[in-house]
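First to last, the sequence lines map onto chains X and R. Counting from 1, one number per residue, gives the positions in the first sequence under this note's numbering. Counting from 129, one number per residue, gives the positions in the second sequence under this note's numbering.
Don't read these hints as lab results, they were simulated from the structure. Hints are all accurate, no fakes.
Below are the SDA-like pairs computed for lysine to any residue, each with C-alpha atoms no more than 25 Å apart in a straight line:
(1) X:Lys123 with R:Gln330
(2) X:Lys21 with R:Ser318
(3) R:Lys241 with R:Glu215
(4) X:Lys22 with R:Ala321
Beta-carbon label-pair distances, calculated as ranges:
(5) X:Ser18 with R:Met324: 20 to 26 Å
(6) X:Pro48 with R:Ser344: 35 to 41 Å
(7) R:Glu319 with X:Asn66: 43 to 49 Å
(8) R:Ile325 with X:Lys78: 36 to 42 Å
(9) R:Val236 with X:Asn66: 50 to 56 Å
(10) X:Pro48 with R:Leu290: 31 to 37 Å
(11) R:Val291 with X:Thr6: 34 to 40 Å
(12) R:Ile385 with X:Ser26: 53 to 59 Å
(13) R:Leu338 with X:Asp118: 21 to 27 Å
(14) R:Leu345 with X:Lys78: 34 to 40 Å
In this text the structure is predicted, and so the values were computed from the model without any measurement. Note that the Cβ used here is the ideal one computed from N, Cα and C, for glycine as well.
One-letter residues, chain by chain:
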Amino acid sequence: MNKGKTILITDDDPDFSSAIKKILTSAGYDVRMAGDAKEGMEALEAAPPDLILLDVMMEHYDDGFNMCSSIKQDDRFKDIPVIIVTAVTEVTGLKFDPETDGEYLEAEALLQKPITPDDLLKKIDELL
Amino acid sequence: MDGERGEKKRIEGAFPSLNGGRVLVIDDEEMIRDACAQALRKEGCVVETAEDGEIGLAAVESFCPDLVLVDLKMPGMSGLDVLEEIEKRDPKVVQIVITGFATVGLAVDAMKKGAYDFVTKPSTPDEIRAAVGRGLEKRRLILESEALRVAQEKIRRNMISLVSHELRAPLAATVQYLEIILGGMAGQVSEEATEMIERSDQRLREMLDLIGRWLSLATFDPLRMAEHFEPLNLGDLLGESVAILDLVAKEKGVKIIT
Chain X
1 MNKGKTILIT DDDPDFSSAI KKILTSAGYD VRMAGDAKEG MEALEAAPPD LILLDVMMEH
61 YDDGFNMCSS IKQDDRFKDI PVIIVTAVTE VTGLKFDPET DGEYLEAEAL LQKPITPDDL
121 LKKIDELL
Chain R
129 MDGERGEKKR IEGAFPSLNG GRVLVIDDEE MIRDACAQAL RKEGCVVETA EDGEIGLAAV
189 ESFCPDLVLV DLKMPGMSGL DVLEEIEKRD PKVVQIVITG FATVGLAVDA MKKGAYDFVT
249 KPSTPDEIRA AVGRGLEKRR LILESEALRV AQEKIRRNMI SLVSHELRAP LAATVQYLEI
309 ILGGMAGQVS EEATEMIERS DQRLREMLDL IGRWLSLATF DPLRMAEHFE PLNLGDLLGE
369 SVAILDLVAK EKGVKIIT
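One chain only, chain X, in its complex shape:
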């Protein structure tokens, strides 16, 4: 059922990535991991996944936004559903720059860490 679907996790927190990978592989997905935006884009180019889990704040505070933006502006990748995950709350995490409010976040969903396995799998189910 889930066999053959690939999910790419781009997050600089290795523990979070490990934990999520565990949840996803238990549910039958193939999982690839990237530790930063650069690796993430390389993985994307090498073999486009079926879904992307993306952390907003990596090495630089807007890495996640920029990557999401790049993905959504690229014809090759814009149809891949992106779930943004964030450790910071909605209140603080998304107000980096009022001028770009609303423009930069074109992801399909936003989930706050920590994510319940059920919530995550449900959301992925919806999007795939």
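We have chain X; now place chain R onto it with these hints.
Okay, now just chain R, sitting in the frame of chain X:
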């Protein structure tokens, strides 16, 4: 040494704040425009001139001056009106009015409305330079304090983001692991261990909640608050508060009546 009308020998670099300053002179008299321009350019100002209010306002938009010298008595658009318009477009531009002796009263009016200083005509080049010099110094301070305010705001935001990331992320990752274990995805765990893990998970989630609330408070923006008004049942809120306090109140022998 001294000239008759007080035109002293120009001292090199006597007006350091003039150098690089952008000054716009709005005056219907060509002689005044030229005199001001010459006096100021000698000390390194970048000067533009305009012969009436309309042209002057267009120049404000295109030239972006630090300071404007505006003649109060002009045909067509009056000096005071020009100043009002400039104030609307860019309140940070320093305004100096040019006035004849007979109209010093007007100059005072202008200053009450926000002009920084006035020069009378005729003025010596040094007098013009002195007034503009002071005005440009004021401009420098205005811009500096604005820059500091912006920087301070940026630091504040960065600090909050940083704190939230550095504190929340590890907690979130830990909770994530614990919940995977509790979900049975990491092999069998004894009942005893499960209990401890559940407790740990709960306490960590409480911490996350606390940090979240602190962050909400720290990032409270009164300006944005107005965007999020919601109707609220005050009765429910009061009921909750009373319920929380009830126990303590009883202990202290206090009765709460609603």
